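Enquirer: Below, each chain spelled out in residue letters.
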Amino acid sequence: MNRNDQQAYDRGTSLFSPDGRIYQVEYAREAVKRGAPSLGVRTSEGVVLAAQRRTSSPLMEGESIEKLHKLDDFLGAASAGHVADARRLIDDARTAAQRNRLRYGEPLGVETLTKTLSDEIQETTQVGGTRPFGAALLVAGMDGDDPEAAPRLFQTDPSGAPQEWRAVAIGSGRDDIQEFLEDNWSDDLSLDDGIAIAVQGLFESDDELGAESVSVATITSDGYESVSEDAVAAVIDEHVDDETDADDAE
Amino acid sequence: MNRNDQQAYDRGTSLFSPDGRIYQVEYAREAVKRGAPSLGVRTSEGVVLAAQRRTSSPLMEGESIEKLHKLDDFLGAASAGHVADARRLIDDARTAAQRNRLRYGEPLGVETLTKTLSDEIQETTQVGGTRPFGAALLVAGMDGDDPEAAPRLFQTDPSGAPQEWRAVAIGSGRDDIQEFLEDNWSDDLSLDDGIAIAVQGLFESDDELGAESVSVATITSDGYESVSEDAVAAVIDEHVDDETDADDAE
Amino acid sequence: MNRNDQQAYDRGTSLFSPDGRIYQVEYAREAVKRGAPSLGVRTSEGVVLAAQRRTSSPLMEGESIEKLHKLDDFLGAASAGHVADARRLIDDARTAAQRNRLRYGEPLGVETLTKTLSDEIQETTQVGGTRPFGAALLVAGMDGDDPEAAPRLFQTDPSGAPQEWRAVAIGSGRDDIQEFLEDNWSDDLSLDDGIAIAVQGLFESDDELGAESVSVATITSDGYESVSEDAVAAVIDEHVDDETDADDAE
Amino acid sequence: MNRNDQQAYDRGTSLFSPDGRIYQVEYAREAVKRGAPSLGVRTSEGVVLAAQRRTSSPLMEGESIEKLHKLDDFLGAASAGHVADARRLIDDARTAAQRNRLRYGEPLGVETLTKTLSDEIQETTQVGGTRPFGAALLVAGMDGDDPEAAPRLFQTDPSGAPQEWRAVAIGSGRDDIQEFLEDNWSDDLSLDDGIAIAVQGLFESDDELGAESVSVATITSDGYESVSEDAVAAVIDEHVDDETDADDAE
Amino acid sequence: MNRNDQQAYDRGTSLFSPDGRIYQVEYAREAVKRGAPSLGVRTSEGVVLAAQRRTSSPLMEGESIEKLHKLDDFLGAASAGHVADARRLIDDARTAAQRNRLRYGEPLGVETLTKTLSDEIQETTQVGGTRPFGAALLVAGMDGDDPEAAPRLFQTDPSGAPQEWRAVAIGSGRDDIQEFLEDNWSDDLSLDDGIAIAVQGLFESDDELGAESVSVATITSDGYESVSEDAVAAVIDEHVDDETDADDAE
Amino acid sequence: MNRNDQQAYDRGTSLFSPDGRIYQVEYAREAVKRGAPSLGVRTSEGVVLAAQRRTSSPLMEGESIEKLHKLDDFLGAASAGHVADARRLIDDARTAAQRNRLRYGEPLGVETLTKTLSDEIQETTQVGGTRPFGAALLVAGMDGDDPEAAPRLFQTDPSGAPQEWRAVAIGSGRDDIQEFLEDNWSDDLSLDDGIAIAVQGLFESDDELGAESVSVATITSDGYESVSEDAVAAVIDEHVDDETDADDAE
Amino acid sequence: MNRNDQQAYDRGTSLFSPDGRIYQVEYAREAVKRGAPSLGVRTSEGVVLAAQRRTSSPLMEGESIEKLHKLDDFLGAASAGHVADARRLIDDARTAAQRNRLRYGEPLGVETLTKTLSDEIQETTQVGGTRPFGAALLVAGMDGDDPEAAPRLFQTDPSGAPQEWRAVAIGSGRDDIQEFLEDNWSDDLSLDDGIAIAVQGLFESDDELGAESVSVATITSDGYESVSEDAVAAVIDEHVDDETDADDAE
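Protein chains in written order, with the working numbering: chain R, 7 to 256; chain S, 7 to 256; chain Z, 7 to 256; chain X, 7 to 256; chain B, 7 to 256; chain V, 7 to 256; chain G, 7 to 256.
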């Protein structure tokens with residue numbers, strides 16, 4: 007379909023093109039690809055979330071561009087894409103988690119939360135008068151502190167279709183990072199293995215990252231915890247730079 | 007009607023073209039054809055649903071792209087097309103089934119459920135400000151556990167017109183699969199025959215499927231049951247590969 | 007008026023063209039003409055409804071494409087055109103009939119029902135944001151089981167104007183069938199005569215019909231009754247094939 | 007103003023053209039002119055309404071295309087134009103008449119009813135999202151059975167401007183009929199004179215009418231009464247054919 | 007600004023053109039100029055309203071095209087422009103006058119009424135989804151029967167800006183009539199002088215008027231009174247024909 | 007930006023142009039510039055408002071085109087631009103002042119009133135479906151009769167941004183008048199000085215004004231007072247004509 | 007993307023362009039760049055806000071174009087861009103601060119306030135029928151008078167994405183000012199250092215500023231305080247002119 011024909015169908019979420027596509031949803035996916043990457047790695051002990059933070063000035067507080075978000079005691083999310091859209095989804099996720107606690111006295115499940123968000127997202131793709139969300143989320147967590155609870159990792163996309171993953175990346179450089187994850191993920195990873203793979207993964211998209219541009223968090227049966235910048239630096243030292251040296255040596 | 011003329015009438019569900027067509031509904035059917043195929047086979051013992059799962063990465067959890075859905079004890083559905091739209095219809099179906107149990111204390115009938123969904127779908131094709139659903143569903147079930155209850159299999163399409171079938175396919179490769187079903191269906195099929203035909207049907211559209219890409223479920227007077235991947239693999243071994251060998255032998 | 011000028015006025019139900027036409031209503035009538043034909047014949051004993059069913063596959067259950075509908079004990083309808091639109095009108099008709107029974111404890115009259123539906127249809131042709139219904143209905147019945155009650159036969163069209171008929175056809179081939187009815191209808195027809203004329207009428211539009219593609223129902227002071235496929239086949243044997251033979255003989 | 011310029015202003019009731027016209031209202035008047043004619047004649051004893059019925063098939067029941075309508079004991083209306091629109095106005099008129107009786111225990115006045123309808127019509131010409139009514143009505147009556155009550159005859163038009171007339175025609179051939187009425191009306195007409203003039207008037211537009219195509223009704227202090235087809239035929243015999251013979255003789 | 011540029015800004019009341027104009031309001035003023043003229047003359051004793059009635063047929067009742075309207079005991083109005091729009095404003099004026107009496111037990115002031123109408127008119131020029139009123143009104147009256155009450159004469163225009171006048175004309179030929187009024191008005195006119203000037207004024211626009219085409223009414227401390235056709239004829243005889251003779255003599 | 011590009015962004019208040027402008031607001035400012043000028047001068051004793059009245063006919067009552075408005079005991083306003091829009095803002099200002107007295111038992115402050123109006127104006131520039139107000143106001147007053155109260159003078163503009171001024175002009179010829187005010191204003195002006203400067207200022211835009219075309223009002227701790235036409239004439243005699251003579255003498 | 011293609015996607019906040027951008031948000035950022043600059047500097051003692059005021063006439067009261075706003079005892083804001091939009095956000099901020107005090111009896115936190123405003127802003131970028139805010143805010147404050155409370159400085163942008171900064175500039179010349187801040191900010195600045203840097207920063211964008219065009223305010227644990235024009239002049243004398251001299255000397 008050429009550009010002129012495409013333009014006939016891409017101005018609204020309430021239109022199909024003749025070949026059955028919804029262009030505004032596809033364009034929203036482009037907005038996701040414009041954002042710095044985030045990724046998630048499910049390990050035997052919990053889920054690791056990692057993201058690259060892009061600062062436009064050294065005077066910006068890094069936390070204010072934080073892309074990892076604690077949603078509830080055992081729920082976290084990473085985002086990529088249009089920042090303000092991601093914030094709104096994160097807010098909605100937190101509200102849903104709180105409401106569940108108030109109503110039912112128990113934590114919201116990872117899958118239930120993901121589906122709630124997906125419903126909200128799908129709505130924006132079918133009804134006129136609004137645009138889709140230009141953001142994707144990784145929703146990760148344990149279903150409470152039940153020792154039996156298994157780690158879960160989901161992704162939402164601008165169409166509103168949720169997917170469950172063992173490990174997944176979103177945002178710029180997504181394909182390279184995903185390939186790395188496919189090569190390195192196994193189902194017996196420890197949490198530390200997961201952190202190493204997560205950090206290495208981000209370097210697939212940008213090999214000049216400093217520790218201050220990398221956020222890492224874990225969700226285990228101990229809850230949501232941010233990994234300190236020092237710890238991230240240590241991982242980079244051990245896993246990334248070595249690897250680079252090794253590459254150089256070849 | 008040439009492309010320019012067609013474009014005059016295809017930007018909205020609230021418009022007829024001069025020859026009495028509603029293009030947005032036809033484009034939504036294209037969205038169904040873009041999806042991996044699903045099919046249903048009614049047998050003397052119950053209904054078999056089968057679907058192809060497409061994964062974009064080996065790290066994706068297959069269940070999250072599951073296209074077969076248990077709706078209630080004796081109700082199931084298969085979907086094809088725009089995934090997020092299908093999810094919303096599935097959610098609405100589950101809500102309708104639950105509500106019926108709460109209000110009337112009895113399971114929702116297969117035909118009633120299909121008509122409820124069709125009403126919802128038709129609404130999106132007549133009123134402005136929304137697009138049609140880009141998904142088709144196969145709704146299958148027994149009307150409760152009544153030993154007299156007969157298996158039923160319905161299809162919804164983006165126009166909102168429900169149809170009852172003995173065996174039917176939706177999604178990509180639909181025509182080839184349907185032709186296979188027409189050649190092989192008979193009204194004295196056992197459930198196992200139905201499973202075999204269902205799995206063989208999917209191979210009409212894509213002859214390189216592995217057992218992990220094929221979902222099968224049955225709804226009988228024993229309720230909704232998923233067929234295990236091993237059982238599916240056995241069916242492929244017995245029915246598909248043999249057939250292929252046979253083909254090769256000729 | 008040439009095509010370009012016409013296009014200036016045909017994109018909305020809330021627009022008149024310079025010559026006082028409402029094109030969307032005329033296009034909706036085209037949708038009716040695309041559908042398989044239905045017809046009604048009023049006899050001295052009751053009304054006969056008949057319709058052609060088109061199946062896209064031998065695996066489709068014929069009833070799911072049924073075009074004759076029992077609305078209430080003494081009320082029935084036949085439809086032609088956009089199937090999902092017709093279904094919605096049929097649903098609304100049934101709801102109106104039930105509501106009348108609940109509120110007033112008596113059956114809804116044939117004329118009252120037709121006017122209720124016509125009001126609903128007219129509304130869609132004047133207010134923006136919706137399209138007309140792409141379906142026509144034949145509404146037939148007796149006004150209850152009163153032995154004095156006379157058979158009545160009405161038609162709704164996409165403009166919302168109701169008409170009462172002695173015999174009438176809608177859908178594809180309508181003009182040929184109507185001509186046949188005009189030549190053969192008389193006001194002293196028995197019910198059996200009516201059935202014969204109705205079935206013969208359908209063959210005016212398509213002379214290769216089988217009994218399984220023909221639905222016939224009657225509404226008399228005994229209520230709504232479907233005519234069995236065998237009985238239909240007998241009528242075809244007696245009246246249509248003979249006629250064809252006769253034709254051949256000439 | 008040429009066609010292109012006109013098209014810039016004729017797509018909505020909420021737009022004036024540069025020369026101060028509302029084209030959609032003018033196009034709705036074209037819809038009135040497309041309809042078979044109706045006329046009203048005020049006599050010293052009451053008002054005569056007459057209308058031509060057009061049937062598309064001899065199997066159509068003439069009454070279902072009736073263009074004369076009893077609204078209340080002493081109120082009647084004739085219509086021309088888009089049939090479904092006229093029906094809605096007639097329904098609204100009946101509802102207004104009933105409501106007046108319920109609320110105030112007395113019949114609705116002819117002028118009050120006309121103004122109520124005109125308000126409804128004007129609304130559709132100023133507010134967006136709807137089209138004007140493509141129908142005109144003649145509203146005739148006595149203000150109750152008060153022996154003093156004088157006959158009144160009003161017309162509504164698609165702009166919503168009501169007018170009172172001694173005699174007036176609407177619909178196709180309106181100009182010729184009106185000229186005939188102007189030549190033949192006088193204020194001392196008896197009811198029978200009025201019926202004769204009314205029937206003759208219709209023949210000005212179409213001189214091949216049969217009695218079955220002509221409806222006549224009268225509203226006097228005795229109430230609304232339809233004139234029988236036989237009586238109409240007698241009038242045609244006496245007044246029209248004679249006249250035609252006379253014409254022939256010249 | 008050329009026609010193409012103008013068309014970019016004249017399709018809606020909610021748009022300014024680059025030079026700060028609201029074209030729909032200006033076009034509505036054209037609708038006023040298309041209407042037969044009305045005028046008002048304030049005298050020391052009260053206000054005179056006069057208007058030309060245009061009949062399209064001698065069978066039309068003149069009153070039904072009356073352009074002078076009693077609003078309340080001491081309030082009257084004359085209108086010009088789109089008839090149905092004027093009617094609605096007149097209705098709204100009457101409702102406002104009645105409501106004032108009900109709520110406050112006293113007559114509505116001339117200025118207050120004018121401002122109420124102007125507010126309603128302005129609203130239609132700023133909010134989308136409606137068009138302006140294509141009519142202007144002259145609102146005249148005494149503020150009750152207070153012997154001190156002075157006569158007042160106001161005009162509303164399609165922009166919603168009210169103006170108070172000593173004498174003013176609206177409608178076709180407005181400029182010529184206004185010039186005549188400017189030449190002949192003085193602040194010591196008697197009511198009879200005012201009537202004479204008013205009638206003469208109308209002949210400035212159309213010098214072939216008959217008495218039956220001229221409406222005159224007065225609002226004084228005795229209330230609203232229509233001037234009889236005979237009295238109007240006498241005025242024409244005395245003032246207009248003399249003048250014409252005088253003109254001829256020159 | 008050329009005309010074609012500009013037209014892409016100037017049809018709605020809910021659109022920014024690529025260079026960050028809101029054209030409809032800029033066009034509304036053009037509407038202000040089309041209006042006769044108004045000005046305000048703050049003096050040590052109070053605020054002087056002055057305005058030019060444009061009459062289209064000598065029969066128009068000057069007060070009905072009054073551009074100076076008493077809003078409350080110590081609050082006044084002058085307007086320029088689209089008259090009906092200005093009236094609505096003036097009405098809203100009076101309502102706000104009354105409401106404040108009713109609710110809080112004290113007069114509304116000048117600044118608070120200005121901000122209330124500005125909020126209303128801004129709303130029209132951001133939300134679709136309406137146009138901005140094509141009028142600017144000068145809002146002047148004392149904050150009650152408190153002897154300490156200082157005179158205040160504010161301006162609203164079509165964007166909704168309020169500004170406080172020592173002296174300011176709006177409407178046609180605004181730049182010349184403003185330059186005159188800048189040259190002649192000082193902070194020790196007496197009220198009479200202010201009146202003289204105000205009147206002289208208006209002559210900067212139109213040096214042929216008569217006293218009847220000039221309105222002047224003052225708001226001091228004694229309240230809002232209109233300056234009589236005689237007093238205005240005296241000021242013109244003393245200050246303007248002298249000046250003109252002086253100019254001539256040069 | 008060329009201009010024509012861009013125009014296809016830039017007319018509405020509810021549209022993504024094919025490369026995933028929301029043009030109306032980007033155009034709103036242009037509106038921010040058109041405004042006079044504002045900046046904020048976080049110091050160890052509190053936050054310094056500074057802004058350039060642009061007056062179009064010496065008669066304008068500087069305060070009415072004030073760009074620094076006290077929001078609550080320990081909360082302040084600076085703005086840049088479309089003035090009326092900034093005012094509305096400031097009003098909303100004040101309302102939020104008051105409401106928090108009323109509901110919870112405690113001051114609103116700086117971050118919470120910023121996120122509340124960002125939510126409001128994001129909403130305007132996703133839902134149709136409105137445009138984004140053409141203004142950016144710097145929100146600064148202490149979280150109450152808690153001696154432990156740390157100074158915080160946030161920025162909102164037209165997309166609705168909040169950011170926390172150590173020092174940041176918005177508006178025209180933003181890039182030059184930001185570069186200056188990056189070169190001169192350190193985390194041990196005293197409040198006086200902060201004031202000096204803030205004032206110097208503004209001169210990066212316009213080196214001809216006078217003290218009367220520069221607004222400075224501080225928010226410390228002593229609350230919000232405006233810096234007097236004399237104090238600003240002293241800072242300019244000491245820091246800016248010296249620097250300029252120094253520059254000259256080089």
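These aren't lab readings, by the way, just hints derived from the structure by calculation.
Bear in mind that the values here come from a model prediction, so they are computed numbers and not experimental data.
The C-beta atom is built at its ideal place from N, Cα and C for all residues, glycine as well.
Please note that a few of the clues may not be correct.
Computed footprint of chain S on chain Z; a stretch qualifies when at least three of its residues, placed anywhere within it, have a C-beta under 8 angstroms from a C-beta of chain S [what the hints assert, rightly or not]:
{"#": "1", "segment": "35 to 41"}
{"#": "2", "segment": "69 to 76"}
{"#": "3", "segment": "129 to 139"}
Enquirer: State for each hint whether it applies.
Expert: The hints, checked one at a time:
no., hint, verdict
1, 35 to 41, "holds (count 6)"
2, 69 to 76, "holds (count 3)"
3, 129 to 139, "holds (count 7)"
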